[in-house]
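Participant: Here are the chains, one letter per residue:
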Amino acid sequence: MDRMKKSTAIAMIVLIAAIFISFDVSIYVLFTRRAVDDMTVEERKAAISLEDYLPFAEGTRAVTVESSLRFSDVDKLPVLDGASALYPVYASVAASVYPEGSVIFEDGAFSEESAVQFRNTLRAYSAVADGDVDIAFCAAPSKEQRAYAASVGAELELLPIGREGFVFIVNENNPVNGLTSEQLRGIYTGKYKNWSELGGPDRMIDPKTRLAGSGSQTVMEHFMNGEPMITGRMFGFLGASVGYSFRFYVEAVPREMSVKMLAVDGVFPSAGNIKNGTYPLVTEFYAVCRSDNDDENVRRLLDWLLSDEGQGLIEAVGYARIK
Amino acid sequence: MKERTFYILMSAVVALGVAVTAALVIYTAYEYKNCSIITYIATELW
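Respectively, the protein sequence lines represent chains F and D. The first sequence begins at -15 in the working numbering and counts up by one. The second sequence begins at 24 in the working numbering and counts up by one.
Honestly, the hints are just simulated from the structure, not real lab data. Treat the hints with care, as some may be off.
[Unchecked claim] In silico DSSO-like cross-links for lysine-lysine, where the CA-CA straight-line distance does not exceed 30 angstroms: (1) 60(F) x 307(F); (2) -10(F) x 60(F); (3) -11(F) x 60(F); (4) 25(D) x -10(F); (5) 259(F) x 177(F); (6) -11(F) x 25(D).
Small disclaimer: the values here were computed from a predicted structure and weren't measured.
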């Protein structure tokens, strides 16, 4: 009893070690690998690179249009902020209307003095309510964002300035290319649990949701018409996912990322179908300010955004105009 | 092999295995909270 055969003892220890290693490798392959990418948190928030659209920078992709409104160095400049997907819009606004030198970008971020900021939707709304930002370019606010504004005594003024496609995405190897609105809602209410119910393979559906308060999550809640959404499925990571975002954001991801957008109600979310209104899930985006912000230049800029010049800029950046 | 030696070695392997697994689960949960939905879908196994 005091001694056991050495080979038996070693075999048992190796077996236990092998079980742990197999288990950990399975977790890594099935889950960890998918949750980790090689971008930093900040880079992920800005899949559309800040540098790529930096106003006034050499080789910038920010669009510049002929503008009858042109602020000078002596003007009090409205501070702009907004959703990451709309950063190209407000960067282009600054490039077209603001004086050079008003946008200060250092060490990968905008300085506090810069007239252009980047907080994304989650924080841009509170920044407007708090008075730190004059105009935020965002999708519609969530209930929480409206409630926060009310709690600090701010009323949000939402000026629709353009339209964008809300899209559903799956892995490009998923044979399903399109779904109806009813099927998409059914996935997120839990009615459909397997892709085989929707013309796909016999594989569990793994519906992914976004952070509460993000622009896409707020639009999704509207799309669901008040129906409660499931927020994941036990062992869903073994199935095949579906998620949602804005078209511009998905278009901006590197081509080697193997995701594809789904047609909805038989219409693919191409830029053309969004502009001509045939794609059914088109959402407005807004220039948002405090309703009591009576700064003259804020009002001039809001008016300009709805002018032919401003709407031309929206279209030139890649979104659909509102007027 | 002495039984005592065996138990010490086995305990060490189990403790190491539990520690690595726990760390992996915690790390995965942290990354999942911040992960890009596009990356998550793009890296799906097919």
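Participant: Next step is simple, just say for each hint if it's right about the structure.
Facilitator: For each hint, the structure was consulted:
no.: 1; hint: 60(F) x 307(F); in the structure: holds, 28 angstroms
no.: 2; hint: -10(F) x 60(F); in the structure: violated, 82 angstroms
no.: 3; hint: -11(F) x 60(F); in the structure: violated, 85 angstroms
no.: 4; hint: 25(D) x -10(F); in the structure: holds, 8 angstroms
no.: 5; hint: 259(F) x 177(F); in the structure: violated, 33 angstroms
no.: 6; hint: -11(F) x 25(D); in the structure: holds, 9 angstroms
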